[in-house]
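Trainee: Can you build the whole structure from these sequences, using the hints too?
Each chain is listed here by its residues.
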Amino acid sequence: MLHRSHIHGVMGEFATPEELIHAAKKVREAGYRHLDAYAPFPVEGLSEALGIKRNLVPVLTLLGGLTGGVGGFFFQYWVAAITYPMNIGGRPLNSWPAFVPVTFELTVLGAALSAVFGMLALNGLPQPHHPVFNVERFSHATTDRFFLCIEARDPKFHLEETARLLHSLHAHHVNEVADD
Amino acid sequence: MVSPKTAQKLGVGHNVAGSGGEHGKIYSDVAEISLANSKVTAAMWILPGQAEGTVVLPLGYGRTRAGYTGSNKGFNAYAVRTSNALWATGASSSAIRKTGDDYPLACTQYHFNMEGRQILATGTLEEYRKNPNFANEHAELPPKELSLYKGEAEFPYNRDKWAMAIDLNQCNGCSACVVACQSENNIPVVGKDQVMRGREMHWIRVDRYYSAQSPTNDPSSYSAALDNPETFFQPVPCQQCENAPCEQVCPVGATAHSAEGLNDMVYNRCVGTRYCSNNCPYKVRRFNFLRFQDWETPQLKLMRNPEVTVRSRGVMEKCTYCVQRINTGRIEAEKQNRPIRDGEIVTACEAVCPTQAIVFGNANDPNSRVAKLRAQQRNYSLLGELNARPRTTYLAAVRNPNPELENS
Amino acid sequence: MSAGQPPLDSPEIRRLTPVLGPGHTYASVTDKISAIVLTRPTSLGWFIGFGIAFSVVGMLTVALAWLIIKGVGIWGISIPIGWGFAIVNFVWWIGIGHAGTLISAILFLLNQKWRTSINRFAEAMTLFAVACAGIFPLIHTGRPWMAYYMFPYPSTMGIWPQFRSPLIWDVFAVSTYGTVSLLFWYVGLIPDLATLRDRAIERPAKIIYGMLSMGWRGSARHWHRYQSSYLLLAGLATPLVLSVHTVVSFDFAVAIVPGWHTTIFPPYFVAGAIYSGFAMVLTIAIPLRKVYGLQDFITMRHLDNMAKVMLATGLIVAYGYFVEFFMSLYSGNKFDLYLVKMRLHGPYAPYYFALIVCNILIPQLLWFYKMRHNVVVLFLMSIVVNIGMWLERFVIIVISLTRDFVPSAWGRYSPTFWDWATFIGTIGLFVMLIFLFVRVLPAISIAEMRELVAETSEEDK
Chain Z
6 MLHRSHIHGV MGEFATPEEL IHAAKKVREA GYRHLDAYAP FPVEGLSEAL GIKRNLVPVL
66 TLLGGLTGGV GGFFFQYWVA AITYPMNIGG RPLNSWPAFV PVTFELTVLG AALSAVFGML
126 ALNGLPQPHH PVFNVERFSH ATTDRFFLCI EARDPKFHLE ETARLLHSLH AHHVNEVADD
Chain E
7 MVSPKTAQKL GVGHNVAGSG GEHGKIYSDV AEISLANSKV TAAMWILPGQ AEGTVVLPLG
67 YGRTRAGYTG SNKGFNAYAV RTSNALWATG ASSSAIRKTG DDYPLACTQY HFNMEGRQIL
127 ATGTLEEYRK NPNFANEHAE LPPKELSLYK GEAEFPYNRD KWAMAIDLNQ CNGCSACVVA
187 CQSENNIPVV GKDQVMRGRE MHWIRVDRYY SAQSPTNDPS SYSAALDNPE TFFQPVPCQQ
247 CENAPCEQVC PVGATAHSAE GLNDMVYNRC VGTRYCSNNC PYKVRRFNFL RFQDWETPQL
307 KLMRNPEVTV RSRGVMEKCT YCVQRINTGR IEAEKQNRPI RDGEIVTACE AVCPTQAIVF
367 GNANDPNSRV AKLRAQQRNY SLLGELNARP RTTYLAAVRN PNPELENS
Chain A
27 MSAGQPPLDS PEIRRLTPVL GPGHTYASVT DKISAIVLTR PTSLGWFIGF GIAFSVVGML
87 TVALAWLIIK GVGIWGISIP IGWGFAIVNF VWWIGIGHAG TLISAILFLL NQKWRTSINR
147 FAEAMTLFAV ACAGIFPLIH TGRPWMAYYM FPYPSTMGIW PQFRSPLIWD VFAVSTYGTV
207 SLLFWYVGLI PDLATLRDRA IERPAKIIYG MLSMGWRGSA RHWHRYQSSY LLLAGLATPL
267 VLSVHTVVSF DFAVAIVPGW HTTIFPPYFV AGAIYSGFAM VLTIAIPLRK VYGLQDFITM
327 RHLDNMAKVM LATGLIVAYG YFVEFFMSLY SGNKFDLYLV KMRLHGPYAP YYFALIVCNI
387 LIPQLLWFYK MRHNVVVLFL MSIVVNIGMW LERFVIIVIS LTRDFVPSAW GRYSPTFWDW
447 ATFIGTIGLF VMLIFLFVRV LPAISIAEMR ELVAETSEED K
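Heads up: the protein sequence lines correspond to chains Z, E and A, in order.
Each residue of the first sequence is one higher than the one before, starting from 6 at the first, in my numbering.
Each residue of the second sequence is one higher than the one before, starting from 7 at the first, in my numbering.
Each residue of the third sequence is one higher than the one before, starting from 27 at the first, in my numbering.
What the hints contain is simulated information worked out from the structure, not anything from laboratory work.
Among these hints, one or two may not hold up.
Stated by the list, open to error - The calculated DSSO-like cross-link candidates involving lysine-lysine, where the alpha carbons are at most 30 Å apart (straight line), are:
{"no.": "1", "chain 1": "Z", "residue 1": "Lys31", "chain 2": "Z", "residue 2": "Lys161"}
{"no.": "2", "chain 1": "A", "residue 1": "Lys316", "chain 2": "A", "residue 2": "Lys232"}
{"no.": "3", "chain 1": "E", "residue 1": "Lys198", "chain 2": "E", "residue 2": "Lys11"}
{"no.": "4", "chain 1": "E", "residue 1": "Lys79", "chain 2": "A", "residue 2": "Lys96"}
{"no.": "5", "chain 1": "E", "residue 1": "Lys136", "chain 2": "E", "residue 2": "Lys104"}
{"no.": "6", "chain 1": "A", "residue 1": "Lys367", "chain 2": "A", "residue 2": "Lys139"}
{"no.": "7", "chain 1": "A", "residue 1": "Lys139", "chain 2": "Z", "residue 2": "Lys58"}
{"no.": "8", "chain 1": "A", "residue 1": "Lys360", "chain 2": "E", "residue 2": "Lys136"}
{"no.": "9", "chain 1": "E", "residue 1": "Lys45", "chain 2": "E", "residue 2": "Lys15"}
{"no.": "10", "chain 1": "E", "residue 1": "Lys136", "chain 2": "E", "residue 2": "Lys378"}
{"no.": "11", "chain 1": "A", "residue 1": "Lys360", "chain 2": "E", "residue 2": "Lys150"}
{"no.": "12", "chain 1": "E", "residue 1": "Lys307", "chain 2": "A", "residue 2": "Lys96"}
{"no.": "13", "chain 1": "A", "residue 1": "Lys139", "chain 2": "A", "residue 2": "Lys396"}
{"no.": "14", "chain 1": "E", "residue 1": "Lys307", "chain 2": "E", "residue 2": "Lys79"}
{"no.": "15", "chain 1": "E", "residue 1": "Lys378", "chain 2": "E", "residue 2": "Lys341"}
{"no.": "16", "chain 1": "E", "residue 1": "Lys198", "chain 2": "A", "residue 2": "Lys96"}
{"no.": "17", "chain 1": "A", "residue 1": "Lys139", "chain 2": "Z", "residue 2": "Lys30"}
{"no.": "18", "chain 1": "A", "residue 1": "Lys396", "chain 2": "A", "residue 2": "Lys316"}
{"no.": "19", "chain 1": "A", "residue 1": "Lys232", "chain 2": "A", "residue 2": "Lys58"}
{"no.": "20", "chain 1": "E", "residue 1": "Lys136", "chain 2": "E", "residue 2": "Lys15"}
{"no.": "21", "chain 1": "A", "residue 1": "Lys316", "chain 2": "A", "residue 2": "Lys58"}
{"no.": "22", "chain 1": "E", "residue 1": "Lys167", "chain 2": "E", "residue 2": "Lys150"}
{"no.": "23", "chain 1": "E", "residue 1": "Lys341", "chain 2": "E", "residue 2": "Lys167"}
{"no.": "24", "chain 1": "E", "residue 1": "Lys11", "chain 2": "A", "residue 2": "Lys367"}
Mentor: In structure tokens, the structure reads:
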């Protein structure tokens, strides 16, 4: 029996996404707030059931795109009109129509890099280890099983009661998650 | 060499090769010529304007012991030359027998037809008298003021404005300009094989057009118009366009425009994408496809002009209006604190031209020869409708043939 | 279609040609797809195919080495034909890549379920096609060791690239396209790499997949942001599909060369790219599903839809040819008129007619349901279309360069052995990369297939 200070939380395993969503809603109704669900594919309605709202990825993407675009255009202008102006076939130094393709591409590139690295950073990835991997059955989380983990740091957490709650929600297995 | 009519009678012809083609390799039928009890085998070249019923054999080739450059090139016409017929002899047409082989000849311009485009403007004296501006009316030339760009406001060209005028009346196709340019600018000799692939390196070329209204471009498919065509020659160096199409497409900025109007080719920046050559409408740019220069032979180092860079593999090169001579002239003038005088800077091609067909100078100086030539109505730009604004312009050829000669 | 038959779009027909074979669960799709990588022994056929491709890559290496040693003169290019096979191949490969991104991104935004089982290997095809394409702009330069001049970096001479040139636009467009495609593909792979990590039996495999999957655990909070970034990437990749080949078409449209300087090129090239890309997806999909028994995942519905897209884009390409032809005649521009004459009667006319047959005439067979549902016909058709699209780029590039403004400079182009060696070599490189991909990574997106199982079981309820 692990002491409370040595466990990360209690995790229940479910067989269908509907059971998981139902369980998540009930757990939140019971007043728990520090919880997370694990699924092998993005389950529709799960984020709402868990009360997850905030997502900074679109904002980061927008900022990345603007940086790429504005930066790209002004870089070309700086090169062509300020730092090393050259007479290229009598074309104007500020050849802004010619600068459009590169500006566009850099906008897309900036936005894409921000989206991906922003998502990874906000998710805290790469994160090679997490306590939930200590549960052996958790390897099914990437195949066909759904998990709900109520973390020990939640003020309402109580080992036996929380485990009983999960059992009552038809969890197939309930495991204590060792912290390390 | 034979005329098209004679070639048709003999059954010899040309085949344009798939590689190089009209700018490189032509396969010619080989014939065996028997005169004076001996024979020589030669590739036939069909030349419009050659007298009908004559065959010309050039002497001096076919040597077997003439060093690396001279051995085993061409055929030895001396084999059929006898002391009682040193320069000309008659023979029946059975003396020439097609062997059935063909032989690749290097030819840098096989297509002699202008295809309805005004490349080389020509007219008779009456046409010129009726309309002196005839050379500028073939196509709608774009007006200088019509532009989305600030144009002359951004690049005023109010210093020395280098320009060149080439008088097509004077050019007789001698090609001395080609040789002079090659010597002055360290242009490599690439050899027959590379010329057959279309890679000759001459910065100036002399184009040859026939004025016959021929339905075909190919002298080996005979047409009567090719029996006695008028021949015109046009030297084509880099036109140093003010709105150069080549400059715009270089990804690394290896070609840019100087304040005096020269299209500067920066060899050390060139990475060799060849987009500039593709976009040049005049095709005056030359590319070093392989290392054409000889780095090893010490004697050849003495041959080179030390004032001109020797280009290596992978860079584009072209006529520079002999920029090394321009710079020398400018330095001298600055040392003596005076402007450059007209005629002080002479490009290599201009210097050697026997008829003074090429004139180079400062177009901003109203007293220079080139400014006066540019002011003539005969003066036109090659492909002016493309709005490339070339600094090299041509004076249209005006012919005044003697009517007695015409009718004979 | 006879009168008594229900319309082809009705639920009954949908059930007959489904997007996913019946009876699959989350576990079964995972098992089937991951087995190809993890448990199924590598077949002799794989080794033979890989071996052949690898030796062709050896030929590519020799061809590239000889090119660097001797110079670009080993190819058949000359003045006036400064661009030959190298640029034809570059445009051909980039064009092929566009279908993968269309399937991944555009079909995702349009909510087309049939993209699910094909998008992984289609996007892999894109990456490998871009890799093969990217070789050519580097090596076709006369001095490839200085090709870095085309990238903006602070140089000691204080000089930067010349941004008005379409080749620089190409550098940025293709680099962006390669990067975004790689990111999109990799983001999609992360959950599948986690699956492989958890199911791998050998320790080295576990470690490698573990590192690559970055510790993904399927957390709902992570999925939330993941979905967001995936949607954004799809939205960003969509304009790339349209813009990258447009920028490649600018290489020609911005030049003044007759036959190149035409405004129809951007949409014509993009349609052509999708056309050849879908042809290549079919060329890969048909053997893949046969060899690995994936007919339940890549069903006749998928092949049918891909054939329809090919037909549609083929018609757009045909329209593009017509516009080119018509506008040249209508313009009265003597240079363009001559070019039309050259395409129809000139020395390269046979290639033009072959192109019309391969790209316009033969694909009209796809109007017929029976043709679209015949796997052999589809496979052969896909190869014919790719040949036709290669010929299209050859006709555009070479004919225009052999017959431009000043007739004294006209010439002919003929490829040399090294031109062919380099081209076939890149095909070998592509095939080798596909073989490697199929062996070590899931060829179908497992996580998305599970989503599909969830969705289709929803529909059946």
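Trainee: Against each hint, give a clear statement of whether it holds in the structure.
Mentor: Evaluation of the provided hints:
Between Lys31(Z) and Lys161(Z) the alpha-carbon distance is near 14 Å, which keeps this suggested pair within the 30 Å criterion. Of the pairs offered as hints, the one joining Lys316(A) and Lys232(A) holds, with about 29 Å between alpha carbons and a cut-off of 30 Å not exceeded. For a cut-off of 30 Å, the pair hint linking Lys198(E) to Lys11(E) stands: about 28 Å separates their Cα positions. At roughly 26 Å between alpha-carbon atoms, Lys79(E) and Lys96(A) fall within 30 Å of each other, so this suggested pair holds.
Between the alpha carbons of Lys136(E) and Lys104(E) the distance comes to roughly 51 Å, so the proposed pair goes past 30 Å and is violated. Restraint check for Lys367(A) and Lys139(A): not satisfied, since their Cα atoms lie roughly 47 Å apart, outside the 30 Å limit. At roughly 27 Å between alpha-carbon atoms, Lys139(A) and Lys58(Z) fall within 30 Å of each other, so this suggested pair holds. Of the supplied pair hints, the one linking Lys360(A) and Lys136(E) holds, its CA atoms being roughly 26 Å apart against a limit of 30 Å.
A distance of roughly 20 Å separates the Cα atoms of Lys45(E) and Lys15(E); the hinted pair therefore holds under the 30 Å criterion. Of the pairs offered as hints, the one joining Lys136(E) and Lys378(E) holds, with about 22 Å between alpha carbons and a cut-off of 30 Å not exceeded. Of the supplied pair hints, the one linking Lys360(A) and Lys150(E) holds, its CA atoms being roughly 23 Å apart against a limit of 30 Å. Pair hint Lys307(E) plus Lys96(A) holds up; C-alpha atoms about 22 Å apart against a cutoff of 30 Å.
Between the alpha carbons of Lys139(A) and Lys396(A) the distance comes to roughly 23 Å, so the proposed pair stays at or under 30 Å and holds. Between Lys307(E) and Lys79(E) the CA atoms are separated by roughly 26 Å; this keeps the pair inside 30 Å, and the hint holds. Proximity of Lys378(E) to Lys341(E) is assessed by CA-CA distance (about 28 Å); at most 30 Å being required, the pair is judged to hold. For the proposed pair Lys198(E) and Lys96(A), the alpha carbon gap of about 18 Å is at most 30 Å, so the pair holds.
Restraint check for Lys139(A) and Lys30(Z): satisfied, since their Cα atoms lie roughly 29 Å apart, inside the 30 Å limit. At roughly 19 Å between alpha-carbon atoms, Lys396(A) and Lys316(A) fall within 30 Å of each other, so this suggested pair holds. For the suggested pair Lys232(A) and Lys58(A), the alpha carbons sit about 19 Å apart, so the restraint of at most 30 Å is met. At most 30 Å may separate the alpha-carbon atoms for a hinted pair to count; Lys136(E) and Lys15(E) exceed this at roughly 42 Å.
For the given pair, Lys316(A) sits about 14 Å from Lys58(A) by alpha-carbon distance, which is consistent with the 30 Å threshold. The straight-line distance between the Cα atoms of Lys167(E) and Lys150(E) is roughly 17 Å, inside the 30 Å bound, and the hint therefore holds. Pair hint Lys341(E) plus Lys167(E) holds up; C-alpha atoms about 20 Å apart against a cutoff of 30 Å. Restraint check: the Cα-Cα separation between Lys11(E) and Lys367(A) comes to about 28 Å, which is no more than 30 Å; the hinted pair holds.
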